[in-house]
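Those sequence lines, one after another, are chains A and B.
According to my numbering, the first sequence is numbered sequentially starting from 1.
According to my numbering, the second sequence is numbered sequentially starting from 76.
Check the hints yourself; a few may be wrong.
[To be verified] Pulled from the structure, derived: some chain A residues nowhere near chain B, Cβ distances all over 10 Å:
id	residue
1	E10
2	R12
3	P13
4	D14
5	E18
6	I24
7	G27
8	L29
9	D30
10	D33
11	A44
12	I47
13	N52
14	E71
15	D74
[Unchecked claim] Covered stretches of chain A (in silico footprint by chain B; criterion: 3 or more residues with CB under 8 Å from a CB of chain B, positions within the stretch not fixed):
id	segment
16	34-42
17	54-68
For the record, the hints were derived by calculation from the structure and aren't laboratory data.
These numbers were taken from a predicted model, which means no experiment stands behind them.
Every residue gets a Cβ at the ideal spot worked out from N, C-alpha and C, and that includes glycine.
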Amino acid sequence: MDELMQILEELRPDVDFENETALITNGVLDSFDIVALVGELNDAFDIEIKPNNLVPENFNSAKAMMALIEELQDE
Amino acid sequence: METSILNRLNKTAAAYADKVMFRDETAEITFRDFNRLTKSVGTYLAQRVASGAPVAVMSGRHCLTPACFLGAVRAGCFYAPMDGDMPKARLNQILGVIKADYILVDKAHLETAQSLDYTGNIIVFEDICGTEPDEALLEARERTLQCTSPLYVIFTSGSTGVPKGVITSHQSLMTYIDAVAKVLDINDTDTMGNQSPLDYIAAVRDMYFPISFGASTYIIPKNEFAVPTTLFETLNREKITALCWSVAGVELPAKLGAFDVGKPEYLKKLCFSGSVMPCKYLKVWQEHLPDVLYVNQYGPTEATASCTYYVVKEKVTDDTVLPIGTAYDNYRVSLLSEDNQAVPVGEIGEICVSGPILALGYYGNPEQTAKSFMQNPLNDNYRELIYKTGDLGRFDADGVLHFHGRKDRQIKHLGHRIELGEIEETAKKVDGVSDCCSLYYKEKATLYLFYTGEATSKDIVLYFRQNMPAFMVPRKLINLEALPTLPNGKLDMQALKAYFK
Chain A
1 MDELMQILEE LRPDVDFENE TALITNGVLD SFDIVALVGE LNDAFDIEIK PNNLVPENFN
61 SAKAMMALIE ELQDE
Chain B
76 METSILNRLN KTAAAYADKV MFRDETAEIT FRDFNRLTKS VGTYLAQRVA SGAPVAVMSG
136 RHCLTPACFL GAVRAGCFYA PMDGDMPKAR LNQILGVIKA DYILVDKAHL ETAQSLDYTG
196 NIIVFEDICG TEPDEALLEA RERTLQCTSP LYVIFTSGST GVPKGVITSH QSLMTYIDAV
256 AKVLDINDTD TMGNQSPLDY IAAVRDMYFP ISFGASTYII PKNEFAVPTT LFETLNREKI
316 TALCWSVAGV ELPAKLGAFD VGKPEYLKKL CFSGSVMPCK YLKVWQEHLP DVLYVNQYGP
376 TEATASCTYY VVKEKVTDDT VLPIGTAYDN YRVSLLSEDN QAVPVGEIGE ICVSGPILAL
436 GYYGNPEQTA KSFMQNPLND NYRELIYKTG DLGRFDADGV LHFHGRKDRQ IKHLGHRIEL
496 GEIEETAKKV DGVSDCCSLY YKEKATLYLF YTGEATSKDI VLYFRQNMPA FMVPRKLINL
556 EALPTLPNGK LDMQALKAYF K
């Protein structure tokens, strides 16, 4: 989780990732944030985020992203 | 000859009255209703604003926004679209340049408008959209327009730190729209899928193809691009036949593997522009959609969106570099050397444009206008203005133009045009930044800022987020003891590029 928070903090230091739960639904993160983020998460956690993972529910909060990462690491 | 874009709207509104003109996620509007709204807005404005005055418009990503724009035009005015999601400091800068007495907003942007340093009149679209049209007044206002009257002012990055407002006339817009429609074969059976923000130059096709030819446009929700899983489903549900997208928008679905789960079944034409297309992504589109017409477009806002096009006939590979092609109808493209001489075929020169598509200049900025729009140095006989793009190009033996980068420090990032000088001017305003240099790592599409001083990268990013559009916020910030210099004292950009990763 610390590693994820560090990546998010670096990507968008203006966003409160601890508490925000509608990052996509409310448009806090835009498409270019997501493209950058997917690349960084793939590298950092040695996973492969697939198109069908790219749904708002998986990226609306830091917690949801962590759950996705763990799910993909188990595969 | 047409005198204004209203000639076209009058015709299509009558011919396609019951057809849907614009649709978005939650609503749709027919040609008849759209026309009626422009008349209501136009009447309300005409009763208050002089013909030929600017009207600022701040309205969201929905199907009523184009009606706000054209409403201003019905009043004999021109519109200056503003993106309400931009930081307040930027919006204040734009209003400081355009100095409009009236700003038209949708209800959702009223609060933003009220929070600006704006002392003029704020009109809410929802409050005035029921105004009874005064046909006599509207007709009188329509007659005040000539084809050379300004239609809109769109703002773009300026190297001095203040955005420049590029003024486009009715004639320029119609000339461009007709030329690009001919290449793409756009007609009333087409449905466009709008990607570009509506306040941005790239949206003119999505708005003016319906107005000119009776096509329809679906305004794709912004979120579909953040999570593109459903993007193609949306294109299919809306039976989208034509897309005019930024290169960044075309890359996105290919990059994120959207073709693994589907493809746009109805698509016939795809036109892209804004930056150089990396062909490894275009290849993916071609493999899945071999029969689509692919068109590469090139050109600056100052020459009305685009000036050359190239129809992609070949099967591209990862390494293909597409030409930018040949000039659109009524555009003249030529090359000039550093000392303003003609450039022989096969050699590189600065791309210059002339024709009825030249912008009327930069709003309220005669110095910049005179510098960028000048008499063709090769013509001593009559008045012929050219716009020097700052882009470098080369004609091959077949007369096809190839792109060779920039002369100066302007870059294209995510489809947006940015002066690196403006990034630096902004960073220097942050407390604790002494010196800085901004560079663009093209391969990774990443904006870097190298700086000296006590400021943390968080301080700088927060300042940018509060003052600049999102695409102008540096992604990688590197704090140095001192910026590296060459023996002659100039910045050593190569040494800085070693930090790219």
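**Prompt:** With d taken as the least Cβ-Cβ distance between D30(A) and chain B, does d exceed 10 Å?
**Reply:** Violated, because the least Cβ-Cβ distance between D30(A) and chain B comes to about 6 Å, which does not exceed 10 Å.
**Request:** Evaluate the condition: distance from the CB of P13(A) to the nearest CB of chain B exceeds 10 Å.
**Result:** Per Cβ check, P13(A) is inside 10 Å of chain B; nearest 4 Å; violated.
**Request:** Could you let me know if the closest chain B CB is still more than 10 Å away from the CB of R12(A)?
**Result:** violated (8 Å)
**Message:** The output says E10(A) does not contact chain B. Does that hold with a beta carbon cutoff of 10 Å?
**Reply:** violated (8 Å)
**Prompt:** Is it the case that N52(A) keeps its Cβ farther than 10 Å from each residue Cβ in chain B?
**Reply:** Per Cβ check, N52(A) is inside 10 Å of chain B; nearest 6 Å; violated.
**Message:** For D14(A), is the shortest CB-to-CB distance to chain B above 10 Å, so the non-interface label stands?
**Reply:** violated (4 Å)
**Request:** Say whether it holds or is violated: I24(A) keeps its Cβ farther than 10 Å from all Cβ of chain B.
**Result:** Violated: least Cβ distance 6 Å, not greater than 10 Å.
**Request:** Taking the shortest Cβ-to-Cβ distance between E71(A) and chain B, state whether it exceeds 10 Å.
**Result:** holds (16 Å)
**Message:** The output says E18(A) does not contact chain B. Does that hold with a beta carbon cutoff of 10 Å?
**Reply:** holds (15 Å)
**Request:** Would you check chain B against the segment 34-42 of chain A, counting CB to CB pairs closer than 8 Å, and say if three or more residues qualify?
**Result:** With 4 residues closer than 8 Å to chain B, the segment 34-42 of chain A meets the three-residue bar; holds.
**Prompt:** So is A44(A) really clear of chain B, every C-beta pair being over 10 Å apart?
**Reply:** holds (14 Å)
**Prompt:** G27(A) clear of chain B by more than 10 Å, beta carbon to beta carbon?
**Reply:** Check fails; 6 Å does not lie beyond 10 Å.
Of the numbered hints listed earlier, those contradicted by the structure are 1, 2, 3, 4, 6, 7, 8, 9, 10 and 13.
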